[in-house]
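Keeping their order, the protein sequence lines are chains A and B.
Counting in the numbering used here, the final residue of the first sequence is number 514, and the numbers go up one at a time with none missing.
Counting in the numbering used here, the final residue of the second sequence is number 243, and the numbers go up one at a time with none missing.
Incorrect hints may appear among the rest.
To be verified - Which residues of chain B face chain A? A partial, calculated answer using Cβ under 10 Å: (1) 90; (2) 131; (3) 143.
Unchecked claim - The following label-pair restraints were derived from C-beta to C-beta distances: (4) A/61 to B/124: 46 to 52 Å; (5) A/485 to B/123: 26 to 32 Å; (6) A/44 to B/71: 58 to 64 Å; (7) A/211 to B/204: 50 to 56 Å; (8) B/196 to A/216: 37 to 43 Å; (9) A/477 to B/157: 37 to 43 Å; (10) B/28 to A/61: 30 to 36 Å; (11) A/58 to B/28: 29 to 35 Å; (12) B/167 to A/460: 43 to 49 Å; (13) A/437 to B/124: 32 to 38 Å; (14) A/393 to B/157: 37 to 43 Å.
Claimed, not checked - Just some of the chain A residues that point at chain B, by a computed CB distance under 10 Å: (15) 53; (16) 425; (17) 436; (18) 438.
Treat the hints as calculated values from the structure; they're not laboratory data.
Cβ atoms here follow ideal geometry from the backbone N, Cα and C, with glycine treated the same way.
Next come the chains, spelled out residue by residue.
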Amino acid sequence: MTPSSPGRTPSSAGTGGDGTAGTDGRGTAGARGPGPPPRPKFAAAARAALTDTRQRRNLRGATAVARGRAAAATAEPADWEALREAGRAIRDETLLGLDTHLEGLERAVTAAGGTVHWAPDAAEARRIVTALVRATGAAEVLKAGSLAVREIGAGDALARAGITLRETALADLVVQLGEDEPSHLLSPAAHRDRAEIRELFLRKMPGAPPDLPDDPEALAAAARAHLRGRFLSARVAITGANFLVAETGTVVVLESEGNGRMCLTLPDTLITVAGIEKVVPTWADLEVFLQLLPRSSSGDRMTPYVSSWTGVTPGDGPAEFHLVLLDNGRTQALADEIGRAALRCVRCSACLNVCPVYERTGGRAYGPVYPGPIGAILTPQMRGVESAADASLPYASTLCGACADVCPVKIDIPGVLVHLRGKVVESRRRRPVPTPELLMMRGLAWTMGDPRRYETALRRGTRWVRLMSRGGRIRRLPGLLGTWTEARDLPLPPSESFRGWWRRRNA
Amino acid sequence: MRVALFVACFDDAMFPATGKAVTVLLERLGHEVAYPPGQTCCGQVHWTTGYHREAAALARAFTGAFEGCEVVVTPSASCAATVRGAYPRIARTARDPALARAAEGLAVYELTEFLVDVLGAADVGAYFPHRVTYHPTCQSARTLGVADRPLRLLRAVRGLDLVELPAAEECCGFGGAFAMKNADVSVAMVADKVRHIRDTGADVVCAADNSCLAHIGGALSRLRGGVRAVHLAEILAETGPS
Numbered sequence: 008m009t010p011s012s013p014g015r016t017p018s019s020a021g022t023g024g025d026g027t028a029g030t031d032g033r034g035t036a037g038a039r040g041p042g043p044p045p046r047p048k049f050a051a052a053a054r055a056a057l058t059d060t061r062q063r064r065n066l067r068g069a070t071a072v073a074r075g076r077a078a079a080a081t082a083e084p085a086d087w088e089a090l091r092e093a094g095r096a097i098r099d100e101t102l103l104g105l106d107t108h109l110e111g112l113e114r115a116v117t118a119a120g121g122t123v124h125w126a127p128d129a130a131e132a133r134r135i136v137t138a139l140v141r142a143t144g145a146a147e148v149l150k151a152g153s154l155a156v157r158e159i160g161a162g163d164a165l166a167r168a169g170i171t172l173r174e175t176a177l178a179d180l181v182v183q184l185g186e187d188e189p190s191h192l193l194s195p196a197a198h199r200d201r202a203e204i205r206e207l208f209l210r211k212m213p214g215a216p217p218d219l220p221d222d223p224e225a226l227a228a229a230a231r232a233h234l235r236g237r238f239l240s241a242r243v244a245i246t247g248a249n250f251l252v253a254e255t256g257t258v259v260v261l262e263s264e265g266n267g268r269m270c271l272t273l274p275d276t277l278i279t280v281a282g283i284e285k286v287v288p289t290w291a292d293l294e295v296f297l298q299l300l301p302r303s304s305s306g307d308r309m310t311p312y313v314s315s316w317t318g319v320t321p322g323d324g325p326a327e328f329h330l331v332l333l334d335n336g337r338t339q340a341l342a343d344e345i346g347r348a349a350l351r352c353v354r355c356s357a358c359l360n361v362c363p364v365y366e367r368t369g370g371r372a373y374g375p376v377y378p379g380p381i382g383a384i385l386t387p388q389m390r391g392v393e394s395a396a397d398a399s400l401p402y403a404s405t406l407c408g409a410c411a412d413v414c415p416v417k418i419d420i421p422g423v424l425v426h427l428r429g430k431v432v433e434s435r436r437r438r439p440v441p442t443p444e445l446l447m448m449r450g451l452a453w454t455m456g457d458p459r460r461y462e463t464a465l466r467r468g469t470r471w472v473r474l475m476s477r478g479g480r481i482r483r484l485p486g487l488l489g490t491w492t493e494a495r496d497l498p499l500p501p502s503e504s505f506r507g508w509w510r511r512r513n514a
Numbered sequence: 002m003r004v005a006l007f008v009a010c011f012d013d014a015m016f017p018a019t020g021k022a023v024t025v026l027l028e029r030l031g032h033e034v035a036y037p038p039g040q041t042c043c044g045q046v047h048w049t050t051g052y053h054r055e056a057a058a059l060a061r062a063f064t065g066a067f068e069g070c071e072v073v074v075t076p077s078a079s080c081a082a083t084v085r086g087a088y089p090r091i092a093r094t095a096r097d098p099a100l101a102r103a104a105e106g107l108a109v110y111e112l113t114e115f116l117v118d119v120l121g122a123a124d125v126g127a128y129f130p131h132r133v134t135y136h137p138t139c140q141s142a143r144t145l146g147v148a149d150r151p152l153r154l155l156r157a158v159r160g161l162d163l164v165e166l167p168a169a170e171e172c173c174g175f176g177g178a179f180a181m182k183n184a185d186v187s188v189a190m191v192a193d194k195v196r197h198i199r200d201t202g203a204d205v206v207c208a209a210d211n212s213c214l215a216h217i218g219g220a221l222s223r224l225r226g227g228v229r230a231v232h233l234a235e236i237l238a239e240t241g242p243s
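Looking at chain B on its own, in the form it has when it is part of the complex:
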């Protein structure tokens, strides 16, 4: 299958390893990966912060960049949720039926949904010999409803010791602009998230969204917590020494 890859602007600049991992992984599974060069940003931050005119402009650019792609896959759950859930609202707010139609024509999948539902591959042949805990980000678990798909993928990874995260469903406190506008509450929330992560004894915390992971990882880094925040895609792309 020819898969159009969407790498969120944030991942493009800060976490290119995630996009590379998705590319390697999908190619390993026998698919052709395309990277439409016109892509920039889905407009999530503008939309959720209230800059709805700007969000509409970015949504138009996004749908233009991915027009005609059979499937679009992204390792950013919140961006997938934005395109799927928010674009119809953005179009309504901007009174732009053409944008609504363009958004409807896009089949955007978050990576784990694509692997499990479309490719039917719970075992992607990964090897990752570490103790790992999984944080279900709010946009992946609640908005997209990816349910246990990431866990099914992780359970199939050879060598991986999956440990359950206490209060896993609780938000890490990132919330886009919230992390800056309400920095104190945001930090109080991530402090609890980090405490739960450390309680598991895991060496690695993973999720399907680098934005939440940047928040959690940023707090862990400040604490010298000895736990790495790694995107799920990077774990799935690992095959170990062959």
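Next up, chain A with everything else stripped away, as it sits in the complex:
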């Protein structure tokens, strides 16, 4: 491991070290006091999600559609594999020189009349955003779909300052109205069907027509009517960014509804919160991602709305532009030779749509911000693996590899998962009292490390297991193995092992 090989970014100064503050999305981790109850481990959260049959049906449908569309769209370009390789290479090179690119970005944004703020953690980002909004005197802020804004817990922080954050992306609006947690990177309301959304609009959305049908067009029209007034009166908007072009200081946002574009043009003050890994050096680099992202995420050849803005232009658009560059554990991930591949992610959500685990649990089991396979490798790196919930994420996968096959920037997600599992185990080894699993795995390795020991254990184990069987099957195993027999039988091990047979045969 060479933790010093990637450039230290300017934002790393003052990072608290654990990079965990505020990524719970509730906005309380940075505050004093008892804070929220600990998040459940993935298995526990998943168990609850699995019983929600309506959500499972909705997710199955949504992921199947997205999977099919992406598969068709990525099969189209003859140079798709070359594009993926180019995307991977650009990301890796950019990450290795991240400090240089970020400094270039800051210079360009400043030269274009914008202001750059560096936020080492979520708490600092919340403070910056809250202070900026307060300074405008606005009581309401519009938000265009953004993971970084959610990551820093801006909604709750603004609420405590008496400011209401209004979602404008349709899916985010559905989640907000339902007082729900988002379940998908790209479509946070993927777990809801239109009948649920209709009911929600009727109950919670002011001005929803009482005879609202549950077809998508009518629902979108109702949301549009609801949002229109907000757009016209808004003075402040907060957005995320898909890309930050360093050479010109330009922020680029991709979206399919156009609501984000309204947020970019109508308010007086525009605040963009973006992770430091979003930077691309040049417009030529962007060309690659503008092809990779839409095909992998929504299965579109091109994203319907690609908006870009550079600083401020007097008399046109916002008068003030602030860019908050968020670290929040990213330099920590960057320092990990294998794990840093997670920072290549362009948030397309292709890995979610093919993941058989995600399809059944939905996103909320992964924690509040980054769901699916990418969340399982990103979150533990940004937050560390000390908490049981974060340590459970690298294990939320069968390592089937479907995610790696579709990743447009070729992140070896299973490889990173195994690497992070190693980190989890190493952190557990440091505990004064060994975990039962550690004892079992050590014992197993000791036994397997020598053919004689192995054979003795095999003979004894077989005899013992055969005693526990009933009717030629094993229906109940003790201890850690008991979870297997909760729903699955094991066949009875034959009294003669293969090696026993071999020896007898060749005697």
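Given chain A, put chain B in place with the hints provided.
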């Protein structure tokens, strides 16, 4: 050809019939089968669960046991994938260049790769008069990339009625420790896999890995599903009454 057989620890204890089938099959094809007695476990479970020090120790033992073998053949796709794909990583993690060299010196084949690519034998002279569906396990299909080799072998089996498995490429939910650590999700996944298998009307589901088959077969057994999970090698070894 002299073939060194690797029988995964799991197969050794729980599914010895698979190792026997490979032995019988390779001998029928005119090859000499050797079983290096020093072999135990490839270390896959330790590696994938995060016990990387222990995995390195087992990898060293494995490469020692098979040192000097011309070819190593195993009916366990995930073990073949571990030796081929993970050993270089295990060696890097353990900072053990000697292990990396030893792993590089091993020619490890999963059974269907060996039969089709090395022996050039798609038809191994098997007879198995049953309706069969094939589950491509993730490690065989994705990590090893065995592609249609198992299907080519199955299509050449006399009497065998091969039926396509819907959503075949989807993981069965085994995933080693995943089946225990995330038992609920694992069971939800195998429930769907079993549903697809039963939809085919097959009497037998086969694969090139007993670990996934133990999971699928274990769920089928609990359901009294009337479908048997059988390793592909055991089908290929069947010749019927002669």
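Checked hints:
1. With its C-beta approaching chain A no nearer than about 7 Å, residue 90 of chain B sits inside the 10 Å limit, and its interface hint holds.
2. For residue 131 of chain B, the shortest C-beta to C-beta distance to chain A is roughly 19 Å, which exceeds 10 Å, and the interface hint is violated.
3. Annotation: residue 143 of chain B was flagged as interfacial toward chain A, and the flag holds, the nearest CB pair being 4 Å apart, inside 10 Å.
4. For the pair residue 61 of chain A and residue 124 of chain B, the supplied restraint of 46 to 52 Å holds, since their beta-carbon distance comes to about 50 Å.
5. With their beta carbons about 45 Å apart, residue 485 of chain A and residue 123 of chain B fall outside the hinted range of 26 to 32 Å.
6. The hinted window of 58 to 64 Å between residue 44 of chain A and residue 71 of chain B holds, with their beta carbons roughly 59 Å apart.
7. Between residue 211 of chain A and residue 204 of chain B the beta carbon distance is about 53 Å. The supplied range of 50 to 56 Å therefore holds.
8. Judged by the Cβ atoms, the range 37 to 43 Å given for residue 196 of chain B and residue 216 of chain A holds: they are separated by roughly 41 Å.
9. At about 40 Å, the beta-carbon gap between residue 477 of chain A and residue 157 of chain B stays in the expected band of 37 to 43 Å.
10. Between residue 28 of chain B and residue 61 of chain A the CB atoms are about 56 Å apart, so this pair departs from the stated range of 30 to 36 Å.
11. A beta carbon spacing of about 52 Å between residue 58 of chain A and residue 28 of chain B contradicts the range 29 to 35 Å that was offered as a hint.
12. One distance hint, 43 to 49 Å for the beta-carbon pair residue 167 of chain B and residue 460 of chain A, holds here, with the actual separation near 44 Å.
13. In this structure the supplied range 32 to 38 Å is violated for residue 437 of chain A paired with residue 124 of chain B, their Cβ-Cβ distance being about 56 Å.
14. Range check, residue 393 of chain A to residue 157 of chain B: Cβ separation about 55 Å, and the 37 to 43 Å hint is violated.
15. Checking residue 53 of chain A against chain B by beta carbon gives a least distance of about 5 Å; that is within 10 Å, so the hint holds.
16. Because the closest C-beta pair between residue 425 of chain A and chain B is about 6 Å apart, less than 10 Å, the hint holds.
17. At about 9 Å, the closest approach between the beta carbon of residue 436 of chain A and any beta carbon in chain B falls short of 10 Å, and the interface hint on this residue holds.
18. Among the interface hints, the one on residue 438 of chain A is violated; its C-beta lies about 14 Å from the nearest C-beta in chain B, farther than the 10 Å criterion.
This entry does not satisfy hints 2, 5, 10, 11, 13, 14 and 18, going by the numbered hints stated previously.
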